[in-house]
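Enquirer: Here is how the chains run, residue by residue.
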Amino acid sequence: MTTTQRPAWVVVLLREMGMKVREKTFRIGIASTLILVVLGIAALSFFSNRTENHSIAVIDDAGTSVVHQSGDLLRTLKPDSPDEVSVVRVDTAAVALDKVSDGTTDAALIPVMDNTGAALWKLVGNGSINPDLEQAVAAVVQQTATSANAARLGVNLEELGRGSELQRQLLSEKQGNDGSLFVLKFVFSFMFVSALMTYGLAIAQSVVEEKESRVVEILAAATSVKYLLVGKIGANFILGFLQVTALTTIALTGLAFVNVIPDLGRVAAASGWFIFFFVLGFFAVSCIWSALGSMATRSEDLASSAIPMQILLFGAYFLSFTAPEEILRVASFVPVFSSIAMPTRILDGGVEWWEPWAAASGVVVVGILAIRLSTNIYLRTLMRTNRRTSLKEALRNGPS
Amino acid sequence: MLEYHEVTRFYGERRVLENISFSVRPGCLTGFVGANGAGKTTTMRIGMGLLSADDGYVSWDGGPITRAHQRTFGYMPEERGLYPKQTIATQLRFFGEIHGLSGKAAVLRADRFLDAFGLIGRKDELLESLSLGNQQRVQIIAALIHGPTCLILDEPFSGLDPLAVDFMSTVLREKAQEGVPVLFSSHQLELVERLCDELVMLVDGSIRVNGVTNADSDGDTPTYRLEMGEDMSSLKAVRGMTILGQGPGWVEFSPAEPGVEQEVLLRAVSLGAVTSFSRVHASLTERFLATNR
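Protein chains in written order, with my numbering: chain F, 1 to 400; chain U, 1 to 293.
These are calculated hints, taken from the structure and not from any lab test.
Label-pair restraints from in silico Cβ distances:
| no. | chain 1 | residue 1 | chain 2 | residue 2 | range |
| --- | --- | --- | --- | --- | --- |
| 1 | F | V364 | U | G27 | 55 to 61 Å |
| 2 | F | A303 | U | T72 | 35 to 41 Å |
| 3 | F | I311 | U | K85 | 26 to 32 Å |
Derived DSS-like pairs (lysine-lysine); straight-line CA-CA distance at most 27 Å:
| no. | chain 1 | residue 1 | chain 2 | residue 2 |
| --- | --- | --- | --- | --- |
| 4 | U | K104 | U | K123 |
| 5 | F | K20 | F | K226 |
| 6 | U | K85 | F | K24 |
| 7 | F | K226 | U | K85 |
| 8 | U | K123 | F | K24 |
| 9 | F | K20 | U | K104 |
| 10 | F | K20 | U | K85 |
| 11 | F | K20 | U | K123 |
| 12 | F | K226 | U | K104 |
| 13 | U | K104 | U | K85 |
| 14 | U | K123 | U | K85 |
All C-beta atoms in this analysis are idealised placements derived from N, C-alpha and C, irrespective of residue type, glycine included.
Build out the structure end to end from the sequences listed, making use of the hints.
Expert: What follows is the structure, given as structure tokens:
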């Protein structure tokens, strides 16, 4: 137990933290966010590693050979989770088509003739054909036919193939908008928005509870109201920061463990930006939350005062994974929105080095203005315990 | 000594305090009475530095009051200003530390008060689990824990049962005896009359009564009451005596000038045995009603 005097803001900070970690709703909130993160990673792992088995009906050895080669090709393309291809040998094309119709096989590979009399392969499906399978079979058929035609015409196959190799280069690191990236954005944005919401609302609730019970009068008589604000914001910031850092570490460790993200380094870098923007955004947003709390007189008032902030934060959240690229780009420079939109863009890839810093500068400038304005509102309205204060009144009247 | 000097305060266009001046002396319990909305809470908040005066000022020990002075005061807001979901020991330590005590000193003092107030066995319980009277005990400990130099208490007796009222009265009297100026507001006028040394009555933001609680309220026209078994009809003959009320065995009168009451008493004694003769003081309730009508 300390024998020295502690600064008032530290006393407030420790009380706020102590009360928060003892709250049942707080623990449930942390647990549910953790569960969501783990489920997100599990879903990512499940969808990425899901192996499909395609059964194909064939009527001869050539068909069997094409199907086996297609299986080999699929294994080469997706070594971690290759789709399996199995052969179902039948006697006639009609039986093969029946097998597809009644669902016994996913597809049938049947030799046919075109109108010039050339032998072809026809892949028949019922309603749809798996695109990976179709691509693999098409590639094998093309390769086989090219080899056969080259041999028949006496052409050197290597000479024939010269210059046909496609080289691949990406000018930006922007990733395709595939499923795993979507889940990542969803999980990361949720983690950070929920922290901004949870701890921001906690500040507002703490302010209004002290107003409601008049504890604020004792505290304001004993110390400077600014220290109360610093203590409250500090406590919730520490808890929020610990939460997002811990959850991010858990998420990255989980992702590394399930090994489904090919470029985990960039995800880790984007996480760092998420945390960086969380820190910047938190101070601006938390001051606004404290002002909202001080303008209310009862907890019930807070519910309506908080709606615009909740819309803003959830708007930023949904924007991060639903907005078209150009809108997301604009949002990534608009303070508050940028706290989610910019790290999301970094996760997508293709962000210039200066862009996060420009967005961060915007957050700092708007944050400083928000802190000054909100602190003024907080100081002016905190002692108005008899009725709710409108924003107009809060801005018009000087300190009580 | 805490002194208000011609303090005026507005809420928007409305003037809630008008040139109020009074003192809260060391060693005195000063009762602060007034109808709802008279301005008592505003006055107390100005004394604590929670609100500012639009005109006039407050002084402490003869000099201008500062926030540093006010932070040494003990304050109890009108409603129960504590954290219902926190344990008693934890929040008393918090209030001690916020007033500048070390953690250790705050815990020691809290334990001493809890022991003296009969709550030591319940210190780890949540505040909301206590009865109203016990919550008020914790509230007064929160106001006393740092050894305040002045006490400003808004309705400390509100909602308390007679035992709790007695306990709170004793605590306040002890603090006053230690030399601490104590100002408290209350609507329990009999209690204020019994407990307080001095009285301040506020009516619509202005002070109407300011002085000793039991001061004669009838000023230049005192009222006397005489009781005896004999026929008192011959007393009417005394010059300068105005009879205010009369019944079997008693009469209340006011003398036109000092000394007339002595003549009435001498005449009565000559008539027979006088069983009672006293000056009549209006009760605080009567004075309050008369002032506020």
